[in-house]
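Novice: Residue numbers (our numbering), protein chains in the order written: chain A, 0 to 414; chain B, 149 to 397.
These aren't lab readings, by the way, just hints derived from the structure by calculation.
Keep in mind it's a predicted model, so treat the numbers as computed, not measured.
All C-beta atoms in this analysis are idealised placements derived from N, C-alpha and C, irrespective of residue type, glycine included.
A few of these clues could be false.
[Unchecked claim] Ranges between beta-carbon positions, derived for each pair:
#1 Val65(A) to Phe169(B): 55 to 61 angstroms
#2 Ile156(B) to Glu40(A): 28 to 34 angstroms
#3 Ala242(B) to Phe31(A): 40 to 46 angstroms
#4 Met4(A) to Glu225(B): 33 to 39 angstroms
[Said to hold, decoys possible] To give an idea of the interface, some chain A residues facing chain B are shown, with a C-beta separation under 8 angstroms as derived from the structure:
#5 Val28
#6 Leu327
#7 Leu331
[To be verified] Computed far set for chain B versus chain A, every beta-carbon distance over 10 angstroms:
#8 Gln189
#9 Ser354
#10 Asp370
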Amino acid sequence: MYGIMTTTFDIVYYVLLFFAIYFQVFFLVVFFEKRKDLHEELQPKLPFYPSVSFLIPCWNEEATIVSTIKSVLSVHYPKEKLHIFVIDDGSTDHTWSNAQKFSENTQVTLLKKENGGKHTALNYALQYVTSDLVVSFDADTKIVPNSLLYAVQYFIKDAELMALGGAVLIESPRTMAQMAQSVEYQMFSYTKRMLGFVGGVLVVPGAFSVFRREIFDKVGGYTRGHNLEDLELTFRIHDKGYKVNHCHTAIVTTKGPSSIRALFKQRLRWGYGFLSNVTDYKNTILNKKFGNFGLFTVPMSVFSYVIIVFVFFVSLYRISMFIADKVLQFSLVGFNNFSFNFDSFFISTSAMTLIGLTMYILIFISIFMGKHISKVEKTSLRALFSFLLLYSVLAPLWILRTLYNWTFSKRVAWR
Amino acid sequence: MSFKRYIIVFVITGVIFAFTFWLSNQLSEGKIREVRDLEDQIALNILSTETRYSLLENSSCEHVSANNTNDIGLNSELNDMVHRVKFMASQLGAEDEKVISLKKYYTLLQIKDYLLTKELYNRCGTHIVSILYLYQEGCAECVKQSIILDDLVNRYPEIRVYWIDKDLQTPALDTLLSILNVKSTPSIVIKNKVYDSLQTTVDIESYIPQIAAWKKAAEKKDADDVKKKNTLKNEAPTSATSDTTSFFR
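From just these sequences and the hints, can you work out the full model?
Specialist: Rendered as structure tokens:
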């Protein structure tokens, strides 16, 4: 009986790790294929400059709204082609009054409405938009001056492109949570760029995405999308067969949740929203019609949950066995200053251990690729350590909690 | 929609897997070879000791002392080897035939060493503390007994513990078991007396009077060390104070 159990466990372990390694290898193979296309030249003068409207929905963002608007206004782009719509979604603080600073600015339109949620704010502004391109932008985000130009180049090069995600990075990470996120977001830019090459981008982030305005006529405006309106829209665009890409050189920065608790809550929202949207669009899963989005991205993202949970339980089991051994030892013979003769003989070299090690190596490679793509030279060891430590403990926990919430359909608090 | 990329990635992942399995196999083989070499070395030592005894028929005792480990087989090496084989069992599985073959080998070596120490006592009256320990896989009390014995060997390296897996299929072991009349596990045998229930450290120390003597000697040594340290301390300050007074002059 025990033998059968361990064999089943072994098989499950190897199968799951096979998939985990498969996913990492997939990204590396795409990188290898498309490495020459990664280099982007910023042309000194574009053949033409499409008109662009930034939509900045805000709810109680009095602290950051002014600097955000300033940041967008200082973007490198012909002023007459750039317009900003600020939508106050029923803020109860000084967001509206702070924004008045720009009331005389011809590039800025200030809109106010009753609170209804981010998607309603975006749709409200969309009715006023007449420009070629629309940019969804968050009120606590800062844009790097050339980012818009890099993004626009994509639209000029590819007439069929409908949605483009920008690279969101963490600005000056200070807390452990922020440092961990900075490493994670860099990795995201890498995986998203690779997915972009094969038409499988999972989500163009609401913090900074550029759309061709006509796409909203073709697929409709924003919906609540289980509190992830950017994810839902991306899914819908894929579902209707339009092109989505990611631009790793169109960089914006945000602070990200500073406390571990806030980060955890954010990920619960993301997880729950993700599973809900996947269920809505389950017709895309493993469906050839939806290209690599349906064949790879969605199944991979869902399956990754399974892998992470499994690995977590295995680690937990091993750690508890280790602790149980030590406790038994202590109860029988007390604390002995046993000389730690470190003998390399006793390092496990079983196939399981080595495959686990391979996975770790691939994760490190992924982190490195993230840094390479986001053009980060300094490798902060603290950030790396924070990422590995925090996420190896937190990620399984928020996934488990998400699955629990999902199973019992609890609605997750918005903020 | 080309599936070519998916196939390429599948092949690469397959190669990575195959390589890791191969590497793991190679490393395990290397470790098994290492342990086998160790066992051969120990066998050689035991053989050499036996030969010496047969050569020095009557006058052997003055040439032999219990503290001379070179003469009586390698004590700590035997224990060390037991641990290595245990580790290999955890990596490859207890049913692995290579592991079982290693176990049989060292079991025989241990029995030989045990017999040697008995003969030494009979001929020369040399006291070597030896504990014959019989265990079985999957016996919960044995896990506890193993921990206790491991700790004992760590504390008193002069004690020899012989780890015998009662389930091992080998004739010499069967003979030994029938002679000792061991029924259950864990069982330990000290000075021909069989204790067939879990024995704590305190229990075992009571069966072996030498341990008390060792403890006393160790305590005396510690006391002497402390005395030495104190005498050094008492001499030091005078020179220090003279230095400081000259500094502040």
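Novice: Run every hint past the structure and note whether it holds.
Specialist: Status of the hints after comparison with the structure:
1. At roughly 60 angstroms, the beta carbons of Val65(A) and Phe169(B) sit within the given window of 55 to 61 angstroms.
2. Distance hint for Ile156(B) and Glu40(A): a CB-CB separation of about 30 angstroms, consistent with the stated range 28 to 34 angstroms.
3. Between Ala242(B) and Phe31(A) the Cβ separation comes to about 44 angstroms, which falls inside the hinted range of 40 to 46 angstroms.
4. A hinted range of 33 to 39 angstroms for the beta carbons of Met4(A) and Glu225(B) is consistent with their spacing of about 37 angstroms.
5. For Val28(A), the interface hint holds, since its Cβ comes within 8 angstroms of a Cβ in chain B; the closest pair sits about 5 angstroms apart.
6. Residue-level restraint check for Leu327(A) holds (minimum Cβ-Cβ distance to chain B is 7 angstroms; threshold 8 angstroms).
7. Annotation: Leu331(A) was flagged as interfacial toward chain B, and the flag holds, the nearest CB pair being 5 angstroms apart, inside 8 angstroms.
8. For Gln189(B), the requirement that its beta carbon stay farther than 10 angstroms from each beta carbon of chain A is met, with the minimum near 15 angstroms.
9. The beta carbon of Ser354(B) sits about 16 angstroms from the closest Cβ of chain A, which is more than 10 angstroms, so the claim that it is off the interface holds.
10. Against the 10 angstroms criterion, Asp370(B) stays outside the reach of chain A, whose nearest CB is about 14 angstroms from its own CB.
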